[in-house]
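Now for the letters of each chain:
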Amino acid sequence: MTDITKEVIAPPRSFLSQDAIQVFYRLLAALLICAVLAVLSDSFLSLGNILNVLRQASLTFFIASGLTLVVLTAGLDLSVGANVALSACIAGTVIHKTGSPALGILTGLACGGIVGLLNGIMVTALRIPSFIATYGMLWVLNGLTYWYMAGETLHGFPAGFRQIGSGYLFGLPIPVYLLLVFLGIGTLFAQRTIWGQEIYAIGANPVAARLSGIPVARRLLLVYAVSGTMAGLASIIFLSRLNSAEADIGESLTLPAIAAVLIGGTSLFGGVGTVFGTFIGALILTLVLNGMNLLSVSANWQPLVTGIIVILAVWLDMKTRRRAQ
Amino acid sequence: MSDALPIEVTSPVPLLELRGISKEFPGVKALDDVSFAVYPGEVHMLLGENGAGKSSLMKVLCGAYRADAGEFYHEGKKVAISSTADAQKLGIAVIFQEFSLVPYLDIAQNIFLGREPKGRIPGTIDRRRILADAKRVLDTIGFDVDPSTIVDKLGVAQQQMVEIAKAISQNARILVMDEPTAALSDRETELLFALIARLKADGVSIVYISHRMAEVFALGDRITVLRDGRRIDGVRPADVSPDQLVRMMVGRNVDMTYPRNFADKPGELLLEVKGLTAATGISDINIEVRRGEIVGLCGLVGSGRSEVARAIFGADPVTSGEIVFDGKTISGEPDLAARRGIALIPESRKSEGLALLRSVGDNLVVSALKKLFPSGLFDQRSAQRTSDGLIRQLRIATPSARQTVGLLSGGNQQKVVIGKWLAAGSKLFIFDEPTRGIDIGAKSEIFALIDRLVAEGAAALMISSEQVEICHVCDRAYVMREGRIAGHLTRNELTEENIVRLGMHHA
Chain A
1 MTDITKEVIA
11 PPRSFLSQDA
21 IQVFYRLLAA
31 LLICAVLAVL
41 SDSFLSLGNI
51 LNVLRQASLT
61 FFIASGLTLV
71 VLTAGLDLSV
81 GANVALSACI
91 AGTVIHKTGS
101 PALGILTGLA
111 CGGIVGLLNG
121 IMVTALRIPS
131 FIATYGMLWV
141 LNGLTYWYMA
151 GETLHGFPAG
161 FRQIGSGYLF
171 GLPIPVYLLL
181 VFLGIGTLFA
191 QRTIWGQEIY
201 AIGANPVAAR
211 LSGIPVARRL
221 LLVYAVSGTM
231 AGLASIIFLS
241 RLNSAEADIG
251 ESLTLPAIAA
261 VLIGGTSLFG
271 GVGTVFGTFI
281 GALILTLVLN
291 GMNLLSVSAN
301 WQPLVTGIIV
311 ILAVWLDMKT
321 RRRAQ
Chain B
1 MSDALPIEVT
11 SPVPLLELRG
21 ISKEFPGVKA
31 LDDVSFAVYP
41 GEVHMLLGEN
51 GAGKSSLMKV
61 LCGAYRADAG
71 EFYHEGKKVA
81 ISSTADAQKL
91 GIAVIFQEFS
101 LVPYLDIAQN
111 IFLGREPKGR
121 IPGTIDRRRI
131 LADAKRVLDT
141 IGFDVDPSTI
151 VDKLGVAQQQ
161 MVEIAKAISQ
171 NARILVMDEP
181 TAALSDRETE
191 LLFALIARLK
201 ADGVSIVYIS
211 HRMAEVFALG
221 DRITVLRDGR
231 RIDGVRPADV
241 SPDQLVRMMV
251 GRNVDMTYPR
261 NFADKPGELL
271 LEVKGLTAAT
281 GISDINIEVR
291 RGEIVGLCGL
301 VGSGRSEVAR
311 AIFGADPVTS
321 GEIVFDGKTI
331 SGEPDLAARR
341 GIALIPESRK
351 SEGLALLRSV
361 GDNLVVSALK
371 KLFPSGLFDQ
381 RSAQRTSDGL
391 IRQLRIATPS
401 ARQTVGLLSG
411 GNQQKVVIGK
421 WLAAGSKLFI
431 FDEPTRGIDI
441 GAKSEIFALI
451 DRLVAEGAAA
461 LMISSEQVEI
471 CHVCDRAYVM
481 REGRIAGHLT
491 RNELTEENIV
501 RLGMHHA
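From first to last, the protein sequence lines stand for chains A and B.
No gaps in the numbering here: position 1 of the first sequence is 1 in full-length UniProt numbering, and each next residue is one more.
No gaps in the numbering here: position 163 of the second sequence is 163 in full-length UniProt numbering, and each next residue is one more.
Any given hint could be a false lead.
No more than 25 angstroms apart at the CA atoms, straight line, and that leaves these computed lysine to aspartate or glutamate pairs for DMTMM-like [as the list claims (entries may be wrong)]:
(1) B/328 with B/456
(2) B/350 with A/19
(3) A/319 with B/24
(4) B/200 with B/316
(5) B/118 with B/106
(6) B/59 with B/24
(7) B/200 with B/75
(8) A/319 with B/456
(9) A/97 with A/152
Simulated from the structure, these hints should not be mistaken for laboratory data.
All chains, full assembly: derive it from the sequences and hints.
If you want it as structure tokens, here you go:
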């Protein structure tokens with residue numbers, strides 16, 4: 001009977017989904033930045049520099065990938081940086097005390113995961129808005145780490161362990177392999193599992209998601225736990241690369257991770273975005289910082305530039321989206 | 001343009017006239033050469049199915065959309081309406097279905113929002129004057145309320161009154177009302193009708209959009225019917241029958257009696273609710289639903305019907321009582337109820353039923369993910385096949401499964417909500433106002449669908465404020481009053497009169 005309405009509705013104008021278009025624009029932007037830097041600086045295109053960019057981007061990406069899932073549910077995890085610091089310090093202590101890197105890695109991941117789970121419990125069972133719950137957690141973790149470390153620095157880890165962060169395999173840094181592995185896992189999880197689908201549904205409309213039979217609380221717990229575990233993973237890479245741990249290492253990590261998520265096209269309002277987008281976001285962020293270093297621009301300008309890129313990316317997204325509707 | 005003029009009117013010059021209005025969106029001609037005139041002091045009914053162009057016309061009228069072509073005349077003089085400020089200057093005000101009041105301000109503040117009288121100290125507001133002015137406006141529309149009441153504390157009907165007061169205070173001469181009675185009780189509707197009569201007497205013109213045939217004949221001085229963005233006809237209520245109007249709206253005959261084969265021998269017991277009590281205000285609810293049955297749940301708005309539905313589905317916690325489904329006692333969150341085979345089609349499609357910014361396909365499979373992909377691995381192509389099948393089966397008018405669901409019409413959105421439970425293979429469908437805001441054609445389709453579901457062995461519990469629908473569709477019905485079941489009506493007892501009698505407050 002609805003022939004009438006069929007005529008009125010527009011034919012599909014594009015076969016690309018909104019997400020695909022977004023990612024495409026971002027890849028284009030990243031390539032553009034590369035081209036500009038290649039022209040401006042001789043050393044940009046050197047293998048060493050490119051590997052360096054990828055390695056730096058990987059650390060931001062590990063934290064930002066878990067965070068992406070949280071942001072997809074319209075939540076936020078502000079505790080990731082503090083979580084990295086605590087997990088690194090605890091993992092470092094375990095390695096020092098037991099001499100076993102494997103045990104240290106497990107402890108670091110577990111510590112990160114438990115912190116994430118606690119965030120999830122605050123958000124679901126206690127119904128505290130995620131922004132506030134994880135902001136509080138940030139302070140709690142900072143407090144714990146400072147108390148635990150008491151101004152000390154952990155230093156010197158087994159050579160095998162240090163390979164994780166600074167070693168090479170077939171000419172590529174090991175963190176780059178890890179980056180590719182977790183980019184794959186993250187993308188598969190978000191796009192190719194029913195849990196991923198449910199996470200998008202929750203972010204788009206949590207009330208409708210619950211009334212559609214999605215166990216919203218359990219999925220949120222999972223998402224925060226994953227975000228915490230990824231912070232735990234980042235702590236291991238960090239520890240292994242720097243060969244040391246201090247209480248304040250997390251302070252410069254949270255905001256760049258959020259920047260990567262936003263530059264990557266994930267909406268703070270939930271339901272929109274991809275893990276791959278976040279990877280490109282981390283890449284763009286790192287490329288710009290790398291370029292500024294190569295061009296000897298003072299590091300003082302870096303926060304300003306980061307801020308402008310975030311605002312620009314979100315604004316352009318909103319514009320293309322509005323046009324699409 | 002001669003056919004744009006009415007057959008016969010009291011005042012020869014329209015207060016406002018639109019000639020040849022067209023409005024196009026990419027791929028959609030929302031309005032196609034529509035002419036429309038409003039005369040002083042008349043109630044002009046605007047009729048049409050969802051998607052016929054009523055909302056677009058309304059938005060052009062109030063300056064929210066800019067017409068691609070066409071002219072506007074105000075009292076015979078050519079004018080331009082290209083912004084909401086233009087419309088406001090011409091005295092056009094719109095009362096939308098979703099109110100634009102600020103919930104935590106009081107009535108007076110809302111009425112004079114943005115144009116508060118200044119106090120003696122610069123930057124302050126003359127509180128005494130704003131209250132007095134508000135009181136005066138409220139008096140003119142006969143709404144007896146303290147203007148310092150916080151709007152959040154008011155019911156829907158009262159908030160609507162505040163909206164009308166606000167419009168009147170801005171010297172509105174043309175009030176556009178979009179389904180104003182959709183959320184009102186019978187008593188509140190009466191009050192609104194009395195107010196409309198009063199405004200008419202003052203020379204205010206009303207453009208009234210409605211899906212309820214009774215209102216069209218009770219209120220309308222003239223009727224304009226739209227279909228597919230075109231003006232089909234302009235008639236007076238005395239000259240047409242409801243059937244003729246429906247034919248004009250849908251362009252074909254529609255049976256409004258929703259025929260179905262009633263269940264002579266209902267199947268086995270599927271849902272048994274025993275002494276259900278919840279903190280949401282329902283107590284001692286006893287309901288039985290068998291396979292093959294459509295059971296009505298009626299009563300006034302606020303009598304606890306939706307709360308019963310939500311409690312059965314696990315959306316609200318239960319304090320006591322038992323829910324037995326398919327032989328097993330159930331309790332817990334909606335995901336458990338859904339897995340057992342209960343479906344809830346909630347009252348508010350947009351806020352509770354759909355993820356509006358996601359695609360039709362995403363919404364159609366969301367409840368069936370576990371069933372379709374038992375391994376936990378999601379496959380876009382297989383999901384697409386399922387949603388394509390549902391789109392065909394339910395005749396959802398969408399260019400593809402990739403279309404954003406928020407862009408569909410109300411009836412098609414409702415089909416998506418139902419479709420997601422078909423995909424999930426639900427056995428009991430709880431419908432909460434399944435036809436609210438849906439045009440007549442889609443309504444009969446949805447009833448045919450419910451009929452098919454129960455004929456295939458499912459069961460339905462249907463909440464509706466439209467008693468006619470309950471009487472035509474249901475095998476039997478429970479009537480609620482003040483959070484309790486006030487009575488049960490068998491097929492033979494099921495009349496509008498009986499429903500009203502059981503559901504009325506005896507205060």
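Going through the hints against the structure:
1. A distance of roughly 22 angstroms separates the Cα atoms of residue 328 of chain B and residue 456 of chain B; the hinted pair therefore holds under the 25 angstroms criterion.
2. Taking the CA atoms of residue 350 of chain B and residue 19 of chain A, the gap is about 23 angstroms. The hint holds against a cut of 25 angstroms.
3. Under the criterion of a C-alpha separation no larger than 25 angstroms, the hint pairing residue 319 of chain A with residue 24 of chain B is consistent with the structure, at around 21 angstroms.
4. Of the supplied pair hints, the one linking residue 200 of chain B and residue 316 of chain B is violated, its CA atoms being roughly 44 angstroms apart against a limit of 25 angstroms.
5. Distance restraint check for residue 118 of chain B and residue 106 of chain B: the Cα-Cα separation of roughly 17 angstroms lies within the 25 angstroms cut-off, and the hinted pair is therefore satisfied.
6. Between the alpha carbons of residue 59 of chain B and residue 24 of chain B the distance comes to roughly 13 angstroms, so the proposed pair stays at or under 25 angstroms and holds.
7. With a CA separation close to 17 angstroms, the supplied pair residue 200 of chain B and residue 75 of chain B stays within the 25 angstroms bound.
8. In summary, the hint linking residue 319 of chain A to residue 456 of chain B is not supported, as the alpha carbons are separated by about 48 angstroms, beyond the 25 angstroms threshold.
9. The hinted pair formed by residue 97 of chain A and residue 152 of chain A meets the criterion: a straight-line CA distance of about 15 angstroms does not exceed 25 angstroms.
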